[in-house]
Amino acid sequence: MHPKRKQRLTLALLVVVLSSAAVGLVSYALRGNINLFYPPADVVAGKAPIDRAIRVGGMVVEGSVQRSEHDLTTRFAVTDYDGVVEVSYTGILPDLFAEGEGVVASGVLAADGSFRATEVLAKHDENYMPPEVAEALQGKAPGTAGYPGKDSG
Amino acid sequence: MYFESAAAVWHMEGHGPYVWAAYGITALVIILMLVMPLLRSRQMSRAIHTEERRRDLAQGRTSEEGQHAPEA
Amino acid sequence: MWTFVHKMGSPPWFYRFATIVIRWLLPTVLLALLAGSVWGLLYAPPDFRQGNSYRIIYIHVPAAVVALAGYYVMAIAGLVSLVWKIKMADTAMRAVAPVGAALTFVALVTGAIWGKPTWGAWWVWDARITSMLILFFLYLGVMALFEAYDDKAAAAKACAVLSLVGTVNIPIIYKSVDWWYSLHQPASIKFTGESAIDASMLYPLLLMIGAFYGLFALLVLLNMKAELLGTHRQSAWLRSELR
Amino acid sequence: MPPELGLFLRFQVQRHLSAALRRPGDIFNPLVFFLMVVTLFPLGLGPDPEVLADFAPGIVWVVALLSSLTVSSRLFQADYEDGTLEQLALAPHPLALAAMSEVLSHWLLSGVVLALASPVFAAMLNMPVQAIPTLMLSLVLGTLCLSLTGAIGAALTVGLRRGGVLLSLLTIPLTVPVLIFGVGAVREAALGYDPSGWLALLGALAAGGLVLAPLAAAAGLRISLEL
Amino acid sequence: MTPALRQGSLLTLADVSLERGARRLLQGVTLEVGSAELWQLVGSNGSGKTSLLRAIAGLARLGVRGAIGRSDSFLYQGHLPGLKPLLTCRENLRWHGSGRVYTEMQRIDEALAAVGLAGYEDSVVMQLSAGQQRRVGLARLWLSDAALWLLDEPFTAIDLKGTALLESRLQAHCSAGGSVVFTSHQPTAMDGLQVLDLNQYAA
Chain A
1 MHPKRKQRLT
11 LALLVVVLSS
21 AAVGLVSYAL
31 RGNINLFYPP
41 ADVVAGKAPI
51 DRAIRVGGMV
61 VEGSVQRSEH
71 DLTTRFAVTD
81 YDGVVEVSYT
91 GILPDLFAEG
101 EGVVASGVLA
111 ADGSFRATEV
121 LAKHDENYMP
131 PEVAEALQGK
141 APGTAGYPGK
151 DSG
Chain B
1 MYFESAAAVW
11 HMEGHGPYVW
21 AAYGITALVI
31 ILMLVMPLLR
41 SRQMSRAIHT
51 EERRRDLAQG
61 RTSEEGQHAP
71 EA
Chain C
1 MWTFVHKMGS
11 PPWFYRFATI
21 VIRWLLPTVL
31 LALLAGSVWG
41 LLYAPPDFRQ
51 GNSYRIIYIH
61 VPAAVVALAG
71 YYVMAIAGLV
81 SLVWKIKMAD
91 TAMRAVAPVG
101 AALTFVALVT
111 GAIWGKPTWG
121 AWWVWDARIT
131 SMLILFFLYL
141 GVMALFEAYD
151 DKAAAAKACA
161 VLSLVGTVNI
171 PIIYKSVDWW
181 YSLHQPASIK
191 FTGESAIDAS
201 MLYPLLLMIG
211 AFYGLFALLV
221 LLNMKAELLG
231 THRQSAWLRS
241 ELR
Chain D
1 MPPELGLFLR
11 FQVQRHLSAA
21 LRRPGDIFNP
31 LVFFLMVVTL
41 FPLGLGPDPE
51 VLADFAPGIV
61 WVVALLSSLT
71 VSSRLFQADY
81 EDGTLEQLAL
91 APHPLALAAM
101 SEVLSHWLLS
111 GVVLALASPV
121 FAAMLNMPVQ
131 AIPTLMLSLV
141 LGTLCLSLTG
151 AIGAALTVGL
161 RRGGVLLSLL
171 TIPLTVPVLI
181 FGVGAVREAA
191 LGYDPSGWLA
201 LLGALAAGGL
211 VLAPLAAAAG
221 LRISLEL
Chain E
1 MTPALRQGSL
11 LTLADVSLER
21 GARRLLQGVT
31 LEVGSAELWQ
41 LVGSNGSGKT
51 SLLRAIAGLA
61 RLGVRGAIGR
71 SDSFLYQGHL
81 PGLKPLLTCR
91 ENLRWHGSGR
101 VYTEMQRIDE
111 ALAAVGLAGY
121 EDSVVMQLSA
131 GQQRRVGLAR
141 LWLSDAALWL
151 LDEPFTAIDL
161 KGTALLESRL
171 QAHCSAGGSV
181 VFTSHQPTAM
191 DGLQVLDLNQ
201 YAA
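Chains as they are written, first to last, in the numbering used here: chain A, 1 to 153; chain B, 1 to 72; chain C, 1 to 243; chain D, 1 to 227; chain E, 1 to 203.
Honestly, the hints are just simulated from the structure, not real lab data. Incorrect hints may appear among the rest.
With a straight-line Cα cutoff of 30 Å, these simulated DSS-like cross-link-like pairs (lysine-lysine) come out [claimed, not checked]:
1) A/Lys4 - C/Lys85
2) C/Lys152 - C/Lys7
3) C/Lys87 - C/Lys7
4) C/Lys85 - C/Lys7
5) C/Lys175 - A/Lys47
6) C/Lys152 - C/Lys85
Estimated spans, in silico, between C-beta atoms of each pair [said to hold, decoys possible]:
7) A/Gly100 - D/Gly58: 48 to 56 Å
8) A/Arg52 - C/Trp125: 20 to 28 Å
9) D/Arg74 - C/Ala121: 39 to 47 Å
10) E/Gly34 - C/Phe4: 26 to 34 Å
11) E/Lys161 - D/Asp26: 34 to 42 Å
12) C/Lys87 - E/Asn199: 42 to 50 Å
13) A/Ile50 - C/Ala121: 30 to 38 Å
14) A/His70 - B/Gly14: 30 to 38 Å
15) B/Leu39 - C/Trp125: 34 to 42 Å
16) A/His70 - D/Leu35: 48 to 56 Å
Note that beta-carbon positions come from the ideal geometry of N, C-alpha and C, so glycine has one too.
In isolation and in its complexed conformation, chain A is listed as follows (with noise of 0.2 Å):
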């Protein structure tokens, strides 16, 4: 082959390979290869590590969380609609923290799956609505009546 094509040639596969390595790469990470938290669904399913630190994040169950009395501890479930995770965090919560919220907790899943919190973080959501709508809205949430929330004893 003619020296010069042969070089571009080599340049050309260089390209290719280079680029589809980092196609593969990223296609690789997306595939669920970065954990930001485990939904509960995959808590209950047994998928998250136990006695590691893990992130466990959700909604707040509506009527779920339980104040103590003589300390800070706080127990409340989180659940993606497909399973619920019992958590307990002792310290002061985010202002942000109310039932229906969503929540991403940290800390450690014990073997009877509940779920020690070190840190619980609080975050409205992006809705945008008038008072009146969400009103109408609070009876039908999926947090409320759909699901079969498991009350923490």
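Dock chains B, C, D and E against chain A, hints included.
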């Protein structure tokens, strides 16, 4: 109209200062961004006009368009 | 199409074109901004949770959206300048940078002000605010690079390269900041799909986004005209245009 | 007829490496810088091992970014000042390849060396042992990304008098993803999670950067040669 | 930008004008260089000698107008010698000039001997004197196979002996069919030297 009075508009249930500050700063930036190029353009065109007049005077109004010497 | 592009590349033609467009755009944009603000401030209902502070969305979001789009406009102008060597594209690129930076600044400041009643802090390392801050840095970088070169033709080429690199990087930066934020703060956990905004709040927002796009175009055209006056001060066409 | 591509690249890398090996201070000074800055953190944050372990991934990565920036500013400086760059620009091989060889040798001498030395810093900051392989691998990949990004900035500023600060201004925003992915990987590994996703992202950045950054750097160098 | 080069010529400039920043340096430069020609570009300081040479080489493209046709086989040597102070003479010359060739050691040693540096092959350039370093740069001319040489101020900072050596090398190149375009302040006396005064094209 959602609010009932001008005072309510100003107060916005306690959020007034934030909302109005945000809109005020935005308005300020927009006005600034509008005025700056306009001022610059005006300054430039004034400079071009005076230069033109000076040259017309110097050449006794015989200037030809486009055929000017490059700057010394 | 090609003749149009060709014409846009000729300074006299562009100057005339810009003058006409500005004459129409200026009142339209100002009117739309005013109408959108009044609608958003006075007529849209308050948010059920954030109350009235959410009204900042009507300038925060449009400014952010247009600031981001502006970077792409700048990069496209840079590409045109590098590939087709059209001088006008240099002028456009130079004109976009300060406008984009100003809009990013608006988005940042309004975001901070919004943060105070919502999160209780002036500055919160929220994913979107952080991304905006980095976008602001990118704009500052382009402007600083342009100023650093004495030869303005070379400066434009250098800025074109930089803004193209930035364009490739912006989606990665946004995604990475998003993940970073999700690691430290829960991203809004959605089980209901897209984030929703009620129609009564959405329409003024759309109007404001349109108005900000118009504002962007207007400011860029004004800057380009000013730039042309500076660089073509010796040209006969400009003199006859000003007469 | 242009000489073999591989030979050209090999010779370029050889040239940089043998020059650098004759002045080993250039390799060790960044390491000493790194060591000193890492020392500053316990002094600033307090010696509490838990606090330090918490911050360790972030500290190591921020310092790696800073030291990479300080070396990047010299990336094309010597070639620009002694005229080699002109010759490379006129050579029959693409300038992008010359830029790439420059970046690769720079990376071998700064990033890889840093990664090899990183267990020391990890130990100083009380980082869990299980995170160390991830730390090293993430630094190898991440410093390549940083060198590539730095090369673009360096190419654009090499002809300017006050290029150094400007270089940081241009490149810091572009390095944000590298920092996030790098810290992410090390943090996850330290907490006992699987860091492979983050490492894959770093690898993707490096691979994509190897394609695009030399092209951008070459364009930048041609502009700088106009000055 | 590179129109067809006329048959048998190595360089053609047709109505070339140069701008640096907003300043116009040269206007209407026209030149044709055939084979075996020796051209000196003269002109006062700032007249654009270096800029023109860089434009011919293709290093400067911004602000260059007009048609420049140049042979692909050329060597450009700027003000800067392109020598790495930490490398030895051999290492520096191994990959030389415009990167045309990788040279065998024997040729490198011959070239070094030709410029009077025999015995310095493995010395690090940094340790040589300034004049010797100039000679290492000049040794590239003994290694080049290029037809057209573009040399910027090749005569600065070399002694009389070096000047004679360089002159004889340039003339040898011409008699072998190659051509040289170089800039210089000093008038030089070489056979068949043609002079292009750039002052006449000043804009």
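Okay, the hints, checked on the actual structure:
no., hint, verdict
1, A/Lys4 - C/Lys85, "28 Å, holds"
2, C/Lys152 - C/Lys7, "23 Å, holds"
3, C/Lys87 - C/Lys7, "12 Å, holds"
4, C/Lys85 - C/Lys7, "14 Å, holds"
5, C/Lys175 - A/Lys47, "26 Å, holds"
6, C/Lys152 - C/Lys85, "14 Å, holds"
7, A/Gly100 - D/Gly58: 48 to 56 Å, "34 Å, violated"
8, A/Arg52 - C/Trp125: 20 to 28 Å, "27 Å, holds"
9, D/Arg74 - C/Ala121: 39 to 47 Å, "40 Å, holds"
10, E/Gly34 - C/Phe4: 26 to 34 Å, "46 Å, violated"
11, E/Lys161 - D/Asp26: 34 to 42 Å, "37 Å, holds"
12, C/Lys87 - E/Asn199: 42 to 50 Å, "30 Å, violated"
13, A/Ile50 - C/Ala121: 30 to 38 Å, "36 Å, holds"
14, A/His70 - B/Gly14: 30 to 38 Å, "35 Å, holds"
15, B/Leu39 - C/Trp125: 34 to 42 Å, "38 Å, holds"
16, A/His70 - D/Leu35: 48 to 56 Å, "49 Å, holds"
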